[in-house]
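We have chain A already, so just place chains B, C and D on it with the hints.
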Amino acid sequence: MSDQHHSHGLPFWRKYIFSVDHKVIGIQYGISGLLFLLFGFCLMMLMRWQLAYPGQPLPVLGNLFSEKFMVGGIMLPEFYNQLGAMHGTIMVFLGVVPLAVGGFGNYFVPLQIGAPDMAFPKLNMMSFWVFFLGGVSMVASFFVPGGAAQSGWTSYPPLSDIATTGQTVWLIGMVFLITSSLLGSVNFIVTIVQLRADGLSFFRLPFFVWAQFVTSFLLLLAFPPLEAAGVLQLMDRVAGTSFFLPSGLVVAGKALTVSGGGNPLLWQHLFWFLAHPEVYVLILPAMGIVAEIVACNTRKPIYGYKSMVYSIVFLGFMSFIVWAHHMFLTGMGSKMSAFFQITTMIISIPSVIILTALALSLWGGSIRFTTPMLFATAFLPMFGIGGLTGLPLGLTASDIPLHDTYYVIGHFHYVVAPGTIFALFAGIYHWYPKVTGRKMSEILGKIHFFFSLIFINGVFMPMFIMGLAGVSRRLYDPMQYAHAQPTQPLNVFISICAWSLGLAQIPFILNFFGSLIWGKKVDRNPWESTTLEWAAPSPPPHGNFDTVPQVYRGPYEYSVPGQKHDFWPQDMAKEN
Amino acid sequence: MPKYYGWGLPYNASAYGAEIDRLIYVLHVFMILLFVGWFAFLLIALFKFRSRPGHKAEYKHNHFKAPSYLEVGVALFEAVLLLGFSFPIARHTRAFPAKGEALEVRIVAEQFAWNIHYPGPDGVFGKTDIKLIGPANALGLDRTDPAAKDDITAINQLHVPVNKPVVVHLSSKDVIHSFFLPVMRVKQDIIPGQNIPVWFQAKASGNFEIACAQLCGLGHYRMRGFFIVDEPDKFSAWLAKFAPKVAVPAPVPAPATAAAPVVLAV
Amino acid sequence: MSDNLIRYISKPHPVTGVTNAKLGIWCFLASEVMLFGGLFSAYVLLRTGAPLWPRGSEILNVPLATLNTIILITSSVTMVMAWASLAMKEFSKYKRYMGMTILLALAFLVVKAFEYGHKFEHHHFPSTNTFYAIYFTLTGLHGLHIVGGVVVNTYFLFPGSRMWEHDPEQFMGRIECAGLYWHFVDLVWIFLFPVLYLL
Amino acid sequence: MEHSTEEIKKHVKVYIAVFAALAFLTVVTVAISYLHLPIFQAILVALVIATIKGSLVACFFMHLISEKQIIFSVLLLTVVFFAALLLLPVFTSGHPHVA
Chain A
1 MSDQHHSHGL
11 PFWRKYIFSV
21 DHKVIGIQYG
31 ISGLLFLLFG
41 FCLMMLMRWQ
51 LAYPGQPLPV
61 LGNLFSEKFM
71 VGGIMLPEFY
81 NQLGAMHGTI
91 MVFLGVVPLA
101 VGGFGNYFVP
111 LQIGAPDMAF
121 PKLNMMSFWV
131 FFLGGVSMVA
141 SFFVPGGAAQ
151 SGWTSYPPLS
161 DIATTGQTVW
171 LIGMVFLITS
181 SLLGSVNFIV
191 TIVQLRADGL
201 SFFRLPFFVW
211 AQFVTSFLLL
221 LAFPPLEAAG
231 VLQLMDRVAG
241 TSFFLPSGLV
251 VAGKALTVSG
261 GGNPLLWQHL
271 FWFLAHPEVY
281 VLILPAMGIV
291 AEIVACNTRK
301 PIYGYKSMVY
311 SIVFLGFMSF
321 IVWAHHMFLT
331 GMGSKMSAFF
341 QITTMIISIP
351 SVIILTALAL
361 SLWGGSIRFT
371 TPMLFATAFL
381 PMFGIGGLTG
391 LPLGLTASDI
401 PLHDTYYVIG
411 HFHYVVAPGT
421 IFALFAGIYH
431 WYPKVTGRKM
441 SEILGKIHFF
451 FSLIFINGVF
461 MPMFIMGLAG
471 VSRRLYDPMQ
481 YAHAQPTQPL
491 NVFISICAWS
501 LGLAQIPFIL
511 NFFGSLIWGK
521 KVDRNPWEST
531 TLEWAAPSPP
541 PHGNFDTVPQ
551 VYRGPYEYSV
561 PGQKHDFWPQ
571 DMAKEN
Chain B
1001 MPKYYGWGLP
1011 YNASAYGAEI
1021 DRLIYVLHVF
1031 MILLFVGWFA
1041 FLLIALFKFR
1051 SRPGHKAEYK
1061 HNHFKAPSYL
1071 EVGVALFEAV
1081 LLLGFSFPIA
1091 RHTRAFPAKG
1101 EALEVRIVAE
1111 QFAWNIHYPG
1121 PDGVFGKTDI
1131 KLIGPANALG
1141 LDRTDPAAKD
1151 DITAINQLHV
1161 PVNKPVVVHL
1171 SSKDVIHSFF
1181 LPVMRVKQDI
1191 IPGQNIPVWF
1201 QAKASGNFEI
1211 ACAQLCGLGH
1221 YRMRGFFIVD
1231 EPDKFSAWLA
1241 KFAPKVAVPA
1251 PVPAPATAAA
1261 PVVLAV
Chain C
2001 MSDNLIRYIS
2011 KPHPVTGVTN
2021 AKLGIWCFLA
2031 SEVMLFGGLF
2041 SAYVLLRTGA
2051 PLWPRGSEIL
2061 NVPLATLNTI
2071 ILITSSVTMV
2081 MAWASLAMKE
2091 FSKYKRYMGM
2101 TILLALAFLV
2111 VKAFEYGHKF
2121 EHHHFPSTNT
2131 FYAIYFTLTG
2141 LHGLHIVGGV
2151 VVNTYFLFPG
2161 SRMWEHDPEQ
2171 FMGRIECAGL
2181 YWHFVDLVWI
2191 FLFPVLYLL
Chain D
3001 MEHSTEEIKK
3011 HVKVYIAVFA
3021 ALAFLTVVTV
3031 AISYLHLPIF
3041 QAILVALVIA
3051 TIKGSLVACF
3061 FMHLISEKQI
3071 IFSVLLLTVV
3081 FFAALLLLPV
3091 FTSGHPHVA
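Residue numbers (this note's numbering), protein chains in the order written: chain A, 1 to 576; chain B, 1001 to 1266; chain C, 2001 to 2199; chain D, 3001 to 3099.
If you are wondering where the hints come from, they were derived from the structure by calculation, not from laboratory data.
Keep in mind that the hints are not guaranteed to be accurate.
Quick list of the computed label-pair ranges, beta carbon to beta carbon [as the list claims (entries may be wrong)]:
#, chain 1, residue 1, chain 2, residue 2, range
1, A, Ser66, C, Ser2010, 54 to 62 Å
2, A, Gln550, D, Lys3010, 37 to 45 Å
3, B, Phe1064, A, Ala338, 28 to 36 Å
4, C, Ile2059, A, Gly240, 55 to 63 Å
Result set (DSSO-like, lysine-lysine): computed pairs, CA atoms no more than 27 Å apart in a straight line [claimed, not checked]:
#, chain 1, residue 1, chain 2, residue 2
5, D, Lys3009, C, Lys2112
6, A, Lys254, B, Lys1127
7, B, Lys1241, B, Lys1203
8, B, Lys1241, A, Lys564
Idealized CB from N, CA, C, for every residue including glycine.
If we strip away everything but chain A, and leave its shape as in the complex, we get:
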């Protein structure tokens, strides 16, 4: 049932650019995601100069920027705020989500469920190109008058309502990105429900597929309210409405000529209705990747697979009703703040279950310390720190001094940077052989891992100290406040670690491209893994499998007693 002939006849642009093959689209998403991650990281490295050495001209690079951004190499506050807003937006919506969901999801969900493609290939292509438009608008917004959006990635009105044109471009970009995610999530849900291979029941699905399944529901149901909010803010900015503008505003000494009557908190509700589930959109695929890699590299089944599945479903569900813990300081009533504190405490339980199950999976295994396994193992304590430091932020009393400080920055970066992004690196090292037919270099991989691990902790650990000291986030010049001055040496330290972290990515970039040429050629199943993607050729042809796979058992049948090999693939009818 091979369909390879079809794709050979296609012209280049249909095969590699406007392709409907989930694998090509997955690679497109993945590469764009990686490029945006690099771009977003560069924005942050610029900010780190200003934070470490406020008001000093940026050496060499400083002269490359126009007067709009830097004067004599000294960064303007406008530019700092643009960098901050765009770093957040790009990392979340253009970096991690496209790589984790668009890239890994698109490439491996159909393979892991034994499907020839996604359920709606043309829709899939459209999602990517709509995403691409969104990405282009976001980057282009730096060049409109006044520069890019500068009201933070949260874009709280009224500030964002009265901001420069960049904000309008940001909103348009967001509408594109949201539309793309919606189309994508419909595709994932239908694919996972309908196109599983025969015998692949829901409880035989690899955990990664479960993670993508729950993630898709989060995207499907949480993103539209932000689209609604985006439309409302566009109306405020373009049509002069006052959805988020109360009556009687005076900006810079002049009364605003708007009707008023709006409510700034409306935006925050609609925004966080998405943005809290969005946190789980970032973390769930990462957990899925880690589960795959841990099972494969411990050579034993995942501990408590079923409770992990129940936990991830519960986690997804609960993530819709905790959002207002981002708004504890907006003056809500004590009953509602109690409600959101309780839901926030409850949602920590399934996360603890998943993390514990993954850690317990190591016990009794035979652990291979391959590069993907190193990244996956590091994910566990790093995500643990991120999760634990969420605790003081989830209680209103301890949230008071910590809210909107560097403590928050440290907390969520531990979740998404050494958490999710490490898991994504793990996924790249793990699945690279499937996508290219070659392995990445272990030596370069280990260099990449150890330096990244050290420097990333050097970046985020000191932030907790700064946060406890009360240093607010989004400060162009922390030296202005007496309470922020004692921790300024930490800022210098963080910046040096951040730039070193940048250098530590060079081995990865070399490895990523170099291995295309020099990487060791591998067969279908180089890691001796059990799940279905390893039953397809490397790289899989158009249509994926040589024969339609039939599934006989669960996803992690490693070291089954009485078997000759220590792995028993899902599609193997007889004994191995």
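What follows is chains B, C and D alone, placed relative to chain A:
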């Protein structure tokens, strides 16, 4: 003079700040214990079960009891945090002092300054009107209002007496700001269109800071105010110095359209 | 292309009992519910926070909106009749009903345009007050959905209907999905009408 | 779904009946609005009628009445989150301290 700011929590000058600090310490001890225990387990597992010749993975899992205890323990501890710490503290921070017992102050935030408004000896805030806002009258205080005659206004300087409850009524002229007194463990978002009260009581005098904790525009980083806790007599002296001369000529109300030159912008 | 490899395009999945497209369109509609949900939530929050809120019946044109309600309900019936005609293998009837659906949708848009024009003449814009702001946003977004429906239905009336000849089953599935979308747009209006015009 | 012509003809009758009901309810809801009930009752009545009309459309035109379980699961989830989206913001900041 104690050192107010360093690498940990700032100096606590607040009557109820100790409770919040205690919660933060308890939480961090718990977090560190949990993490260290869990991390030790991780390291042992990684070492003990490393792949090596002659070592094989086990298909069957050990039936661990500890994780379920751990889960229950964590859940119980979270319940204790909520019921034993967070809710009682919230009840405390939300229990406003009785009228007349506290010093009442209005603070109107704007890009990028804190306008402080004391009601004066009569204890009543004078009327304000956005039409009156101008370079010399950032609050838009209507001095023709009898209640406004004795009102005292200041910019970026909040003086309060020690050991007396203070209620601050927060509002904003333009965008969202966040009123942050690090030493007082007070932080409250200021939502335009709303009037949100917070209260605190200083237990030590000193020269502290007001910070803005919510991104409010280009000058957010320098929206710094002074927060001065004085002995009661010094505070009264300061108030007296700033009190308006009794016979203030009523200012000519400026029409809304004749907007003053923009002095408050960056 | 790879389409022919993908299962359950025209035949339902033996376990779930639905085709891919049907599950897909329902998921899409679920997201649409949340989109309008966000706007309704905005409406509720603004209204409960407003000291004064106009009764829609006093400032909007109820007779025109009632006419539009009837038009949209009728178009829902013709849409479902178009599908039923295909089920009875009467292709020419399908074309007639589908044509009627599109015409009714266009009539809805024309009435809407009159309403908008009338408001603009009296200098009532989205910026006038929060009521008009949410009125124009909700009806405008709903209008865009109508336009989308007209585009899709026109496609299925003319070029898309060629599929009937070689794969009637899949074509019926498509019309069912288009119908589901169209009824949803009608359903949204059923709630918009009282919320904006009558209350 | 297999559809015999007989069945479809029955369906068509149902569609016509539903159409009549929808038109009737539209007239009713408009008529009631001219009674100028107090706002709370007016909202209640209008929303009840709209819900009935919406259910008719969903059940019969959209065939929800004979739909498969998988669709219901998706919709149930949507309804729950829709309710959260509609209610929680109002509960949380529905009564602002007006300046």
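Q: Against the structure, test the hints numbered earlier, and report the numbers of the ones violated in rising order.
A: Per hint list: 4, 5, 8 violated.
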